[in-house]
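Chains A and B supply the protein sequences, listed in that same order. Okay, so the first sequence: first residue is 1 according to my numbering, each after it adds one. Okay, so the second sequence: first residue is 322 according to my numbering, each after it adds one.
FYI, nobody ran anything at the bench for these hints, they're computed from the structure. For clarity, every value in this text was computed on a predicted model and none was experimentally measured. Some hints could be false.
[As the list claims (entries may be wrong)] Rough simulated footprint, nothing fancy, chain B against chain A, three-plus residues with beta-carbon under 8 Å:
(1) 100 to 113
(2) 119 to 127
(3) 196 to 204
(4) 217 to 223
[As the list claims (entries may be wrong)] Pair by pair, the computed Cβ-Cβ distance ranges are:
(5) A:108 to B:605: 50 to 60 Å
(6) A:141 to B:521: 32 to 42 Å
(7) B:590 to A:308: 22 to 32 Å
(8) A:108 to B:764: 37 to 47 Å
(9) A:308 to B:605: 29 to 39 Å
(10) B:629 to A:143: 41 to 51 Å
[Unchecked claim] So these bits of chain B aren't anywhere near chain A, every CB distance computed over 10 Å:
(11) 429
(12) 543
(13) 544
(14) 587
(15) 600
(16) 629
(17) 767
(18) 772
(19) 776
All C-beta atoms in this analysis are idealised placements derived from N, C-alpha and C, irrespective of residue type, glycine included.
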Amino acid sequence: MTPGATTTDGRGGGGSRAAATPAPSPAPAPAPARPRRRAGRSAPYLFVLPALLLFAAFKLYPIAWSFLLGLHRTVGGTETFVGADNYVRLADDPLFWTALRNTGVILAVQVPLMLALATGLAVALDSTLLRGRPVFRLGFFLPMVTGLVAYGIVFSVLLNEEYGLVNWLFGLVGVDPVPWLTEGMWARISLGLALTWHYTGYNAVILLARLQTIPAELYDAAAVDGAGALNAFRHVTLPGLRPALLLTTVLSTIGTLQLFDEPYVLTGGGPDNATLTIGVYLYRNAFTYFDFGYASAIAYALTVLVGVLGLIQFRLLGEKS
Amino acid sequence: MTDQQSGRQPGRRQVLRGGGALAAAGLGGLGLTGLATLTGCSGSGGTGAGGSAGDPRKGRITVWSWQGPATELKALIPEFNKTYPDIQVTVEDIGNPAIWDKITAGLAAGGQGLADVLHIGVDYLPGYVERFPGGLADLAPLGATAHKDAFAAGLWQTVSPDGKRVNALPWEANSAGFYYRADLFEKAGVDVGALQTWDETIEAGKQLKARTGAHLLGIDKPASQPDAANFFQMLLQLQGAFYFDLEGRITLDSPEAVRAMTLIKTMNDAGLVSNLAGGWNALMSSLKRGTAAVLPWPTWFGGIIEEQVPGEAGKWKVRLPPAVRRGGPTAATVNSTHLAVAGSSKHQAAAWSFVEFALTRPASQVRIYRGKGIAPALLKAYDDSVFHEPSAFFSGQRKGEIFLDALKAPSPAVNYTADYARALKLVTDAQSKVLLKGADPAKVLAEAASELARQTGRKNVR
Chain A
1 MTPGATTTDG RGGGGSRAAA TPAPSPAPAP APARPRRRAG RSAPYLFVLP ALLLFAAFKL
61 YPIAWSFLLG LHRTVGGTET FVGADNYVRL ADDPLFWTAL RNTGVILAVQ VPLMLALATG
121 LAVALDSTLL RGRPVFRLGF FLPMVTGLVA YGIVFSVLLN EEYGLVNWLF GLVGVDPVPW
181 LTEGMWARIS LGLALTWHYT GYNAVILLAR LQTIPAELYD AAAVDGAGAL NAFRHVTLPG
241 LRPALLLTTV LSTIGTLQLF DEPYVLTGGG PDNATLTIGV YLYRNAFTYF DFGYASAIAY
301 ALTVLVGVLG LIQFRLLGEK S
Chain B
322 MTDQQSGRQP GRRQVLRGGG ALAAAGLGGL GLTGLATLTG CSGSGGTGAG GSAGDPRKGR
382 ITVWSWQGPA TELKALIPEF NKTYPDIQVT VEDIGNPAIW DKITAGLAAG GQGLADVLHI
442 GVDYLPGYVE RFPGGLADLA PLGATAHKDA FAAGLWQTVS PDGKRVNALP WEANSAGFYY
502 RADLFEKAGV DVGALQTWDE TIEAGKQLKA RTGAHLLGID KPASQPDAAN FFQMLLQLQG
562 AFYFDLEGRI TLDSPEAVRA MTLIKTMNDA GLVSNLAGGW NALMSSLKRG TAAVLPWPTW
622 FGGIIEEQVP GEAGKWKVRL PPAVRRGGPT AATVNSTHLA VAGSSKHQAA AWSFVEFALT
682 RPASQVRIYR GKGIAPALLK AYDDSVFHEP SAFFSGQRKG EIFLDALKAP SPAVNYTADY
742 ARALKLVTDA QSKVLLKGAD PAKVLAEAAS ELARQTGRKN VR
């Protein structure tokens with residue numbers, strides 16, 4: 001591709017503008033062109049400067065300070081430098097590993113299930129066989145706009161073992177009460193249910209948007225080749241959805257690793273730490289135990305984890321086109 | 322144009338950029354930036370070691386409290402302004418537990434944005450004092466020491482551990498109580514007044530369950546809220562024990578603690594403990610449905626019962642809890658709240674004027690007690706007849722006198738330390754293991770004590 005080829009509308013790349021200037025026209029005086037070019041160069045920086053300053057003040061500075069904080073411990077009210085002690089402590093902290101394991105279980109079980117459900121839902125919501133599609137789309141997206149704490153409280157009331165609506169309904173059909181929030185495994189299932197209810201519609205909407213960009217001709221071609229619904233889904237829909245699936249997977253992974261609101265409201269991390277997540281543990285160390293240095297160390301461990309998992313997902317899902 | 326449409330694959334740089342963005346998102350999403358910003362200023366804790374700023378008769382002050390107490394403090398303002406017309410007071414109901422996060426954030430930010438007067442529970446006070454030196458003003462130079470002997474036993478040591486610096490002034494003093502459904506026990510043929518120990522109470526509970534179907538009491542078994550350990554803590558304090566001794570050493574697996582947890586296990590194994598999973602809401606549902614006959618809660622809970630089940634007037638009675646060991650104490654001050662002045666306040670002297678007016682004048686405390694049933698630590702307040710009137714709700718009993726007796730009884734000071742929150746978490750986990758998995762009390766408490774020692778560096782006394 002030559003530089004000139006991009007300039008048919010006169011909007012070539014910045015670096016190739018001079019080369020693409022049409023030769024026959026009288027050459028403009030070089031002197032005024034220079035300041036204009038300089039101004040052209042600095043203008044974008046000036047435009048992004050406010051955002052950059054805000055980013056530096058409210059993101060970069062705290063991120064750097066948080067790192068420093070992770071190397072300190074509060075002793076007698078003063079910050080004392082302890083080097084990597086907080087990280088060593090982290091490696092030897094059974095509760096941190098419990099939180100990591102719980103988060104990992106949710107990530108491995110809930111996220112794939114939810115995304116499979118969201119994919120099915122997106123296909124269903126895209127189907128012309130479904131009447132009143134906007135109503136369904138709205139219905140499935142509504143949980144996303146529900147306040148996190150509000151829905152957490154609603155779920156905790158619904159799932160209460162003795163007084164909850166769900167167990168009351170189970171009782172009507174002769175099913176024994178389920179210890180939704182009082183037994184480790186069921187508490188994790190309850191958490192998974194709440195998360196799935198909340199985020200499936202959101203992911204389905206992202207997938208749906210992508211689904212609608214897949215050309216109908218591809219399905220026609222598949223039909224001509226004799227592909228049934230299943231084969232069309234496998235060979236046309238799924239490959240077409242790949243970028244959206246990557247996006248939803250990465251977003252869900254980050255969201256799960258930072259999971260805080262639901263376990264905090266629904267189970268408080270219990271019973272016996274069965275639903276303790278890294279987010280809840282971090283929060284507790286900072287705001288309940290006032291151990292800000294240790295909380296910062298947990299945050300950095302989490303950041304590394306998010307980065308590594310993000311990279312892995314980009315490699316696994318992103319590079320195949 | 323996406324990478325796929327253009328037929329390009331994401332290069333290494335893009336992948337790294339993606340990873341970087343994720344890492345930033347990891348920090349940002351958790352509100353860590355906020356955490357770091359807050360803690361960036363921590364340690365200094367404001368200006369106020371001296372506790373003498375401003376004019377005691379002039380200024381504009383803000384008070385942070387929660388729900389009922391905030392309402393009562395607001396109601397005091399007109400009277401306060403008769404004596405202090407130039408002090409403008411604004412009381413804000415921050416809500417409980419939201420207030421703890423808000424105070425923590427303010428203290429961590431060097432006192433920025435804090436109110437002048439802070440209402441603080443005994444479970445948070447030592448932590449704030451230790452982690453944020455100077456975050457709370459020293460009230461001694463303002464004249465607090467003059468009130469040293471005015472409060473219930475043990476409370477002065479809580480607000481002034483070294484006997485010199487005064488971090489706050491006591492407000493509420495809640496004694497361990499034993500609220501019970503007299504009608505249910507009567508139906509079961511149990512004379513509750515004659516129960517001397519918890520062992521006897523467990524036997525009575527079995528009879529109660531068999532004849533009425535009601536549980537003896539309820540506990541939030543999976544520990545949805547830290548309150549889940551209240552009953553365990555009460556049993557500990559009835560033996561004069563706690564999670565830490567006065568030197569701050571860990572006593573979480575002391576014989577007293579094992580005894581308390583064993584009692585809870587015995588009750589649970591006998592099917593006498595209803596599950597209050599979900600915390601407060603479940604407790605209120607249980608109260609309304611009458612699923613448990615005993616509510617082993619402190620003084621302030623009487624007002625909640627009256628409010629929640631007004632139709633059950635005359636069915637309820639109250640007494641002090643049975644002893645853990647025969648002949649042992651039946652009184653314990655299980656919690657207290659306090660008013661402190663922020664070290665960063667520019668009107669410390671005016672704030673102190675308000676604190677002193679609210680907490681050391683019997684008239685103020687009597688008014689608050691009439692309004693919300695909040696039991697004062699100020700012993701002189703109990704001279705008022707309101708504490709000696711028979712209660713129609715509690716079957717004509719003189720409830721105020723019952724708790725006054727408890728407040729007057731010898732009550733050892735309790736050392737919550739700055740690590741109370743960590744200890745409480747380990748205790749609630751241990752209790753959940755006992756209640757939900759039938760774990761051995763001695764074993765889980767020993768594990769909890771070791772873990773607490775590891776996390777805090779404190780010595781474990783066994």
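Name the hints, by number, that the structure is in violation of. 1, 2, 3, 4, 5, 6, 7, 8, 9, 10, 11, 12, 13, 15, 18, 19
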